[in-house]
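> The chain contents come next:
2 protein chains.
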Amino acid sequence: MTQPFGDRLAQAVSDKKSVAVIGIDPRLESLPPELAELPAQEALTIFGCGIIDAVCDLVPAVKPNIAFFEAYGLPGLEAYNSICAHAKREKLLVIGDVKRGDIGSTAAAYAEGLLSPGGIGPHDCLTLNPYLGSDSLNPFLETGLPQGQGFFILVKTSNPSSAELQNLELKTGGTLAEAAARLVESLGKNNIGQSGLSSLGAVVGATHREELARYRELMPHAPFLIPGYGAQGGTAADVCDAFRADGSGALVNASRSVIFAWKKNPGDWQEAARNETLRMNADLLSALRAAGKWKSPVSS
Amino acid sequence: MTQPFGDRLAQAVSDKKSVAVIGIDPRLESLPPELAELPAQEALTIFGCGIIDAVCDLVPAVKPNIAFFEAYGLPGLEAYNSICAHAKREKLLVIGDVKRGDIGSTAAAYAEGLLSPGGIGPHDCLTLNPYLGSDSLNPFLETGLPQGQGFFILVKTSNPSSAELQNLELKTGGTLAEAAARLVESLGKNNIGQSGLSSLGAVVGATHREELARYRELMPHAPFLIPGYGAQGGTAADVCDAFRADGSGALVNASRSVIFAWKKNPGDWQEAARNETLRMNADLLSALRAAGKWKSPVSS
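Those protein sequence lines, which keep their order, are chains A and B. Under our numbering, the first residue of the first sequence is numbered 1, with each subsequent residue one higher. Under our numbering, the first residue of the second sequence is numbered 301, with each subsequent residue one higher.
Some hints here could point you the wrong way.
Said to hold, decoys possible - Footprint (simulated), chain A over chain B, 3 or more residues, beta carbon under 8 Å: (1) 313–326; (2) 374–383; (3) 427–436; (4) 492–502; (5) 510–522; (6) 544–552.
Said to hold, decoys possible - Facing chain B, from chain A, some residues (calculated, C-beta under 7 Å): (7) L38; (8) I46; (9) C49; (10) G73; (11) I103; (12) A109; (13) G113; (14) G118; (15) G119; (16) N129; (17) Y131; (18) S134; (19) T157; (20) N167.
No lab work stands behind these hints: they were computed from the structure. This structure is a prediction, so every number in the text was calculated from the model and none was measured. Note that the Cβ used here is the ideal one computed from N, Cα and C, for glycine as well.
I would like the entire structure built from these sequences, with the hints used as guidance.
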């Protein structure tokens, strides 16, 4: 039987001794000079695969955001597919940051395209938007869960205006984001693996530290995907409350601070990305150990 | 200066004497037998362009949903681009039903890919998801409005579980969907054309008739995109409250009931789609006239 995504994630974190995920969000104008003159598809592919080569032994997962590839049309999406395939070859979990959300029959079409061979990807996991409710999510679960794929549902995002709707207070108590959190926990409760983690996770922004412990309480079984570390301002200490008592259950994403590290530390761009990933790993594990949340002794 | 989308839409409705939009949501398994054996890209392109040829003189706009093309990977997206380009050649407004929503810098990347030459499309208009708030929408507006492009923001969708989050009642009164409606009206208020319509519209499900008048009150300037007519169960009478007093301001979408009309009325699939579109146009105008909301005398 296929291992459920929650367990695959827990295993990958344990194997790599890392809770970091590297966001692959390239822009042509920010690529190293030696790639800047190449056609978009080639430049994006070389850069994305090069980042994967630089970090694949250090992290459990990568998260390409499809927007940065769609920006270059179909050649960009060809590069996206090449990068996802390369990450799979390197045994990384591929989190497709696609934030899809549509009604039932349309969600089923997206699920076919994003979770099946011959479509866009390959993906181990997708990000989804909950605004349309459970019947926009269920077709993804029905397709992906039996294949060992997982999902991170947007609960609380890290952008300044996330408060406009997500922080609205409800008549019955709590906020919209907390209602979304309850929906995630409820939909995931039948898919909890031996690790205690569900295959249905949540995106919870690290720029809202005070809220992380509350979301963990609302979603005891959900893996968290935490954006906002690095370029977006969150620190390692900020994110500890998102982890479960045993140190499992969350991935911390950094994109620009890793993939564009060569801009701050001139030299080889792959080496710069690797060094920043090593620094991030050490930073996160140190904070987790300080919080009493990392069981295995790790030499840093 | 480029005409704003709200005015382009009002003009197209007036020119075509139709408030219908045809959703192009093909599935290979539902295509006419003569297309069923072709490769996906060719079958989708012939079918989508054939639907456009059948209805292009009857309606102001078409709405291809990208999910049904992404389901077939990059060849599917090639077909999507071909269909959008064909609709533009036939002077139809192209509403790209993509329901994107991501944080600022990522939204800017999506906007580049979906609103600029050489990307995915071409589109006159996109559907967007509001869960991440205004800074996930503004990059689209900044790119698209100066180019005469418009947007329909998901406010209240037509699927059964839309109530799970969208109908949640807020402490300060009203529902989440009503808060989204206020956000749409507020973001659109600086982009109201001579027609009185903003370039920022709202998706409001027709299966919730009792709510349509309330949403019109909350968004007096927003064009409405109303799914749920036909296969999803809404009737022409249901949607009249969504229109402004002068009969402007809303588009009613039908997808399966038009594009798969040949299944109920065997024979030429294009003729079946055309006949169903004629029937839908007559049905909608008759209901609007009965509600006193269609100014120009139209022979039906």
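> Tell me if A/N129 is really an interface residue toward chain B, meaning its C-beta lies closer than 7 Å to one of theirs.
This interface hint holds because 5 Å falls under the 7 Å limit.
> Would the hint on A/L38 stand, with a C-beta cut-off of 7 Å toward chain B?
Nearest chain B Cβ about 16 Å off; hint violated.
> Hint validation: A/G113 versus chain B, beta carbon distance must be below 7 Å. Holds or violated?
Hint on A/G113: holds, closest Cβ of chain B at ~4 Å, below 7 Å.
> Would you check chain A against the stretch 313–326 of chain B, counting CB to CB pairs closer than 8 Å, and say if three or more residues qualify?
violated (count 1)
> Just to be careful: measuring from the Cβ of A/I103 to every Cβ in chain B, is the smallest value less than 7 Å?
Cβ of A/I103 sits 4 Å from chain B, so the hint holds.
> If you look at each residue in the stretch 510–522 of chain B, do at least three have a Cβ nearer than 8 Å to any Cβ of chain A?
violated (count 0)
> Would the hint on A/A109 stand, with a C-beta cut-off of 7 Å toward chain B?
Result: holds, 4 Å to nearest chain B Cβ.
> Would the hint on A/C49 be counted as holding, given a Cβ-Cβ threshold of 7 Å to chain B?
violated, 18 Å
> Regarding the hint that A/N167 lies at the interface with chain B, is the smallest CB-CB distance below 7 Å?
With Cβ-Cβ at 9 Å, over 7 Å, it is violated.
> Checking hints one by one. Is A/S134 an interface residue toward chain B, by the C-beta closer than 7 Å rule?
holds, 5 Å
> Hint A/I46 vs chain B: min CB-CB distance below 7 Å?
Result: violated, 19 Å to nearest chain B Cβ.
> Taking 8 Å as the Cβ threshold, is the statement that the stretch 544–552 of chain B is covered by chain A upheld or broken by the three-residue rule?
n = 0 at 8 Å, threshold three: violated.
Going through the hint list in order, the structure does not satisfy hints 1, 4, 5, 6, 7, 8, 9 and 20.
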